[in-house]
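Q: Next come the chains, spelled out residue by residue.
Number of protein chains: 2
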Amino acid sequence: MVHRYIAISFSVIVLTIKEEMVTDMDLHTLTRKLKRKNDTKIVLVVADGLGGLPVEPNGKTELETAATPHLDDLACRGVTGLSIPVLPGITPGSGPGHLGLFGYDPLQYDIGRGVLEALGIDFQVGPEDLAVRGNFCTLDQDGLITDRRAGRIANELCVRLCGKLSQIELRDVRLFVEPVREHRFVVVFRGEGLSDGISDTDPQATGAAPLSPQAGDPSSQYAAEVVASFLQQAEEVLKEEYPANMVTLRGFSRYPEIPEMSEVYGLRSGAFAVYPMYRGLARLVGMTVEEAGKTLTEQVQSIQTRWDDYDFFFLHYKYTDSTGEDGNFSEKVSRIEELDSVIPDLMKTDPQVLIVTGDHSTPSLLRSHSWHPVPTLLVSPNCRPDQVSRFEEATCLSGGLGQFPAKYLLTLALAHAGRLEKYGA
Amino acid sequence: MVHRYIAISFSVIVLTIKEEMVTDMDLHTLTRKLKRKNDTKIVLVVADGLGGLPVEPNGKTELETAATPHLDDLACRGVTGLSIPVLPGITPGSGPGHLGLFGYDPLQYDIGRGVLEALGIDFQVGPEDLAVRGNFCTLDQDGLITDRRAGRIANELCVRLCGKLSQIELRDVRLFVEPVREHRFVVVFRGEGLSDGISDTDPQATGAAPLSPQAGDPSSQYAAEVVASFLQQAEEVLKEEYPANMVTLRGFSRYPEIPEMSEVYGLRSGAFAVYPMYRGLARLVGMTVEEAGKTLTEQVQSIQTRWDDYDFFFLHYKYTDSTGEDGNFSEKVSRIEELDSVIPDLMKTDPQVLIVTGDHSTPSLLRSHSWHPVPTLLVSPNCRPDQVSRFEEATCLSGGLGQFPAKYLLTLALAHAGRLEKYGA
Numbered sequence: 001m002v003h004r005y006i007a008i009s010f011s012v013i014v015l016t017i018k019e020e021m022v023t024d025m026d027l028h029t030l031t032r033k034l035k036r037k038n039d040t041k042i043v044l045v046v047a048d049g050l051g052g053l054p055v056e057p058n059g060k061t062e063l064e065t066a067a068t069p070h071l072d073d074l075a076c077r078g079v080t081g082l083s084i085p086v087l088p089g090i091t092p093g094s095g096p097g098h099l100g101l102f103g104y105d106p107l108q109y110d111i112g113r114g115v116l117e118a119l120g121i122d123f124q125v126g127p128e129d130l131a132v133r134g135n136f137c138t139l140d141q142d143g144l145i146t147d148r149r150a151g152r153i154a155n156e157l158c159v160r161l162c163g164k165l166s167q168i169e170l171r172d173v174r175l176f177v178e179p180v181r182e183h184r185f186v187v188v189f190r191g192e193g194l195s196d197g198i199s200d201t202d203p204q205a206t207g208a209a210p211l212s213p214q215a216g217d218p219s220s221q222y223a224a225e226v227v228a229s230f231l232q233q234a235e236e237v238l239k240e241e242y243p244a245n246m247v248t249l250r251g252f253s254r255y256p257e258i259p260e261m262s263e264v265y266g267l268r269s270g271a272f273a274v275y276p277m278y279r280g281l282a283r284l285v286g287m288t289v290e291e292a293g294k295t296l297t298e299q300v301q302s303i304q305t306r307w308d309d310y311d312f313f314f315l316h317y318k319y320t321d322s323t324g325e326d327g328n329f330s331e332k333v334s335r336i337e338e339l340d341s342v343i344p345d346l347m348k349t350d351p352q353v354l355i356v357t358g359d360h361s362t363p364s365l366l367r368s369h370s371w372h373p374v375p376t377l378l379v380s381p382n383c384r385p386d387q388v389s390r391f392e393e394a395t396c397l398s399g400g401l402g403q404f405p406a407k408y409l410l411t412l413a414l415a416h417a418g419r420l421e422k423y424g425a
Numbered sequence: 001m002v003h004r005y006i007a008i009s010f011s012v013i014v015l016t017i018k019e020e021m022v023t024d025m026d027l028h029t030l031t032r033k034l035k036r037k038n039d040t041k042i043v044l045v046v047a048d049g050l051g052g053l054p055v056e057p058n059g060k061t062e063l064e065t066a067a068t069p070h071l072d073d074l075a076c077r078g079v080t081g082l083s084i085p086v087l088p089g090i091t092p093g094s095g096p097g098h099l100g101l102f103g104y105d106p107l108q109y110d111i112g113r114g115v116l117e118a119l120g121i122d123f124q125v126g127p128e129d130l131a132v133r134g135n136f137c138t139l140d141q142d143g144l145i146t147d148r149r150a151g152r153i154a155n156e157l158c159v160r161l162c163g164k165l166s167q168i169e170l171r172d173v174r175l176f177v178e179p180v181r182e183h184r185f186v187v188v189f190r191g192e193g194l195s196d197g198i199s200d201t202d203p204q205a206t207g208a209a210p211l212s213p214q215a216g217d218p219s220s221q222y223a224a225e226v227v228a229s230f231l232q233q234a235e236e237v238l239k240e241e242y243p244a245n246m247v248t249l250r251g252f253s254r255y256p257e258i259p260e261m262s263e264v265y266g267l268r269s270g271a272f273a274v275y276p277m278y279r280g281l282a283r284l285v286g287m288t289v290e291e292a293g294k295t296l297t298e299q300v301q302s303i304q305t306r307w308d309d310y311d312f313f314f315l316h317y318k319y320t321d322s323t324g325e326d327g328n329f330s331e332k333v334s335r336i337e338e339l340d341s342v343i344p345d346l347m348k349t350d351p352q353v354l355i356v357t358g359d360h361s362t363p364s365l366l367r368s369h370s371w372h373p374v375p376t377l378l379v380s381p382n383c384r385p386d387q388v389s390r391f392e393e394a395t396c397l398s399g400g401l402g403q404f405p406a407k408y409l410l411t412l413a414l415a416h417a418g419r420l421e422k423y424g425a
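In order, the protein sequences belong to chains A and B. The working numbering applies: residue 1 is where the first sequence begins, and numbers increase by one. The working numbering applies: residue 1 is where the second sequence begins, and numbers increase by one.
Same shape as in the complex, but just chain A:
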């Protein structure tokens, strides 16, 4: 029985490797082979959390409620559809949501929690980095946790304590301890050979002692020792700092190996994003991050200014998501209308391909990210227009793009930009 089980498993593995070459895993093997350079421009507008839900029976979504004459005009000229960020029913975080839109399979490229937290505070994570989330916590005299968040200490105290922890010295490893807010911070260990197969030290319960960092595989043994040394010294450094007299760490993750957009698509890509997380995600796939200002108008102006410098422009707009997270339906409607108002200026650049979509839905009804497909439109002189004349969830359902995995959006953009050779003769 054992033998048979092994044999079957093996054949599955072999089959899947072939399948990978043939289907989506290796979308980039295909784009690398077919990519073609030309002078066309592609603009990707990501209205974060764009998709929504009605809040009452027979009601409208935020997008359906908003007055969006310019987006509707684009819908008339373009082709529309609904993108599925990861898989049906799967709600993505910002990382997977954006990776999909950049054409990277979000199930293949897993960005760890530590790295995402570092990206979110604009820390420039690099290829030798092992990043992890930290919490200040409170220990009693027996070394047991009484508060996993150390009473949510003030931001200022978090900054001061991170400064103290930064002084810790580790042999052959450079240490960064950066405050996030309240009890939260990020630790980055920079050095050779730091694997991330290390268990969390947060026991996720009070009345228990912080756990030791354990290596889950032999290659992580060295990193586990480095982390243990850090924790030992941290305990010493913080012992007089009650209630924040210790730390826990979770989500050890290395900087992911992701091929750059220039390499896989032949695109010079620029990111025009205000918030650190999205700038960091763009940097992760090799985009140049521009100082794009603070407002949508400034972002659009920045794109116009840098028009000659890139082939691909990523414009990120945060407020369609944050208003959804706040459960503020009418404010999300207003923010969608604000986005609509800059479309004419954006179109003055006359891109070959303009895409407007979101990285996921954030219905104000749910006050959170959701799995619902995301309204998407693509405008290009060589698109096949559909009958859709309003940019809304309901109308996009009959659009020419259908419902499609988000990871194919970039291939579609390249095709419409004339940037892909024919496959096979």
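These aren't lab readings, by the way, just hints derived from the structure by calculation. As the structure is a prediction and not an experimental result, all values here were calculated from the model. Check each hint, because a few of them may be wrong.
[Said to hold, decoys possible] What the simulated footprint calls covered on chain A by chain B, stretch by stretch (three residues with Cβ under 8 angstroms from a Cβ of chain B suffice, anywhere in the stretch; the number is not a length):
#1 27-35
#2 374-385
[Stated by the list, open to error] Derived pair list, reagent style BS3-like, types lysine-lysine, alpha-carbon separation capped at 30 angstroms:
#3 Lys239/B x Lys164/B
#4 Lys41/B x Lys294/B
#5 Lys422/A x Lys60/B
#6 Lys60/A x Lys318/A
#7 Lys348/B x Lys318/B
#8 Lys318/B x Lys35/A
#9 Lys318/B x Lys422/A
#10 Lys294/B x Lys422/A
#11 Lys41/A x Lys60/B
#12 Lys41/B x Lys318/B
#13 Lys33/A x Lys318/B
#14 Lys35/A x Lys348/A
#15 Lys35/B x Lys422/B
#16 Lys60/B x Lys348/A
#17 Lys239/A x Lys164/A
#18 Lys37/B x Lys348/B
#19 Lys294/B x Lys348/B
All residues carry an ideal CB built from backbone N, CA and C; glycine is no exception.
Given the structure of chain A, go ahead and fit chain B onto it with the hints provided.
A: Just chain B now, with coordinates in the frame of chain A:
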């Protein structure tokens, strides 16, 4: 680095196993297991390059413009949709486009350029063959290329020079040198152990000497020596034939290993195609190629004549593609109408399943193959009809087949023909 690579490979394998559970890889493993024989007939009509684009804002496509009463009648009775030949945004050549329609994943089965060129001149490529495209070129007295196409010599000269090259003798290898047109020809090396990991000899530039054929892997070393011997002799044979005094070779490819339709589907399949390329592609998947005449009417008559001999009939119609490639919108419209006119005769055979589709789109606007999904209809007594009553790109968007990968079309045909057992109990 080695350790790191191993770790990464491992994680990829783990991911792919997961992926496999959710996708399709072994469609043929499934059809082999489930196939059932009966007396039903399936007819697949491929209108090459069928899909199109409007040439002006709010305009119609070629298919939407054409008067197609018989296809519309089938759309009323049948189920429609849009097929995606390879992946969203990927424009296929004829090879991948047809393999998909025959139920073969076009990314899994890659047909090399040399083999396709051989198929295109009706050369019967076999399992021991290494095929490659050749160009006559002009060398100056220093052996540098002055014209990569030898002034596009006349077809007659190409035939004569290919005859001369055919006389070259190679030990243990049978040689075929077949003219294509002007400076283009095909070389086929037939013999045991000829691998195709050989680099092109065309330097893709003038002022450079032809390159030596290099083996990219140890198993191709023998073939590289055979090719080098051919080239050495070719130089001697052609030295007085200025301007066609040398050749370059590119696209070395072996006859691909593709399982036959009889084996994977249990179908006796016949091809009714006029052009060599499509006859060759059909032969590649094990179809019997019939002498089907030159016109659509003759092709339909041939199908009627051979009705008892096959379970599956592939009818290929070229002119919807060639008129699109010519950028001739109105001629493509006429050719679609010509196809429509033979539908009643074709339906007299009363097939259990009739499918009309294309291998890709060829919009006359673009004068080339494109990535746009292809209108598809399937008629069968047991199909679930949709509301679509016109066979057009726009209407097919709301069809019951949805937008689907072309490789699933054959499984659908088998199902409607009652030729697949239930999967699982």
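Q: Against this structure, judge whether each hint is valid.
A: Going down the list of hints, with the structure as the test:
By the rule of at least three residues with a Cβ nearer than 8 angstroms to a Cβ of chain B, the coverage given for the segment 27-35 of chain A holds, with 3 such residues. Counting residues of the segment 374-385 of chain A whose CB falls under 8 angstroms from any CB of chain B gives 3; the rule of at least 3 is met. Taking the CA atoms of lysine 239/B and lysine 164/B, the gap is near 12 angstroms; set against the 30 angstroms cutoff, the hint holds. A distance of roughly 23 angstroms separates the Cα atoms of lysine 41/B and lysine 294/B; the hinted pair therefore holds under the 30 angstroms criterion.
This hinted pair checks out: lysine 422/A and lysine 60/B have alpha carbons roughly 25 angstroms apart, not beyond 30 angstroms. The hinted pair formed by lysine 60/A and lysine 318/A meets the criterion: a straight-line CA distance of about 22 angstroms does not exceed 30 angstroms. With a CA separation close to 23 angstroms, the supplied pair lysine 348/B and lysine 318/B stays within the 30 angstroms bound. With a C-alpha separation of about 28 angstroms, the suggested pairing of lysine 318/B with lysine 35/A holds against the 30 angstroms cut-off.
Only pairs whose Cα atoms come within 30 angstroms are accepted, and lysine 318/B paired with lysine 422/A is accepted, the gap being roughly 19 angstroms. For the hint linking lysine 294/B to lysine 422/A, the alpha-carbon distance of about 29 angstroms falls within 30 angstroms, and the restraint holds. Using a Cα cut-off of 30 angstroms, the hinted pair lysine 41/A and lysine 60/B holds, with the two alpha carbons roughly 27 angstroms apart. Restraint check: the Cα-Cα separation between lysine 41/B and lysine 318/B comes to about 23 angstroms, which is no more than 30 angstroms; the hinted pair holds.
Between lysine 33/A and lysine 318/B the CA atoms are separated by roughly 28 angstroms; this keeps the pair inside 30 angstroms, and the hint holds. Of the pairs offered as hints, the one joining lysine 35/A and lysine 348/A holds, with about 27 angstroms between alpha carbons and a cut-off of 30 angstroms not exceeded. Restraint check for lysine 35/B and lysine 422/B: the C-alpha separation of about 9 angstroms stays at or below 30 angstroms, so the hint holds. At most 30 angstroms may separate the alpha-carbon atoms for a hinted pair to count; lysine 60/B and lysine 348/A meet this at roughly 27 angstroms.
Restraint check: the Cα-Cα separation between lysine 239/A and lysine 164/A comes to about 12 angstroms, which is no more than 30 angstroms; the hinted pair holds. Taking the CA atoms of lysine 37/B and lysine 348/B, the gap is near 23 angstroms; set against the 30 angstroms cutoff, the hint holds. Among the hinted pairs, lysine 294/B with lysine 348/B is consistent with the structure: their alpha-carbon atoms are about 21 angstroms apart, no more than 30 angstroms.
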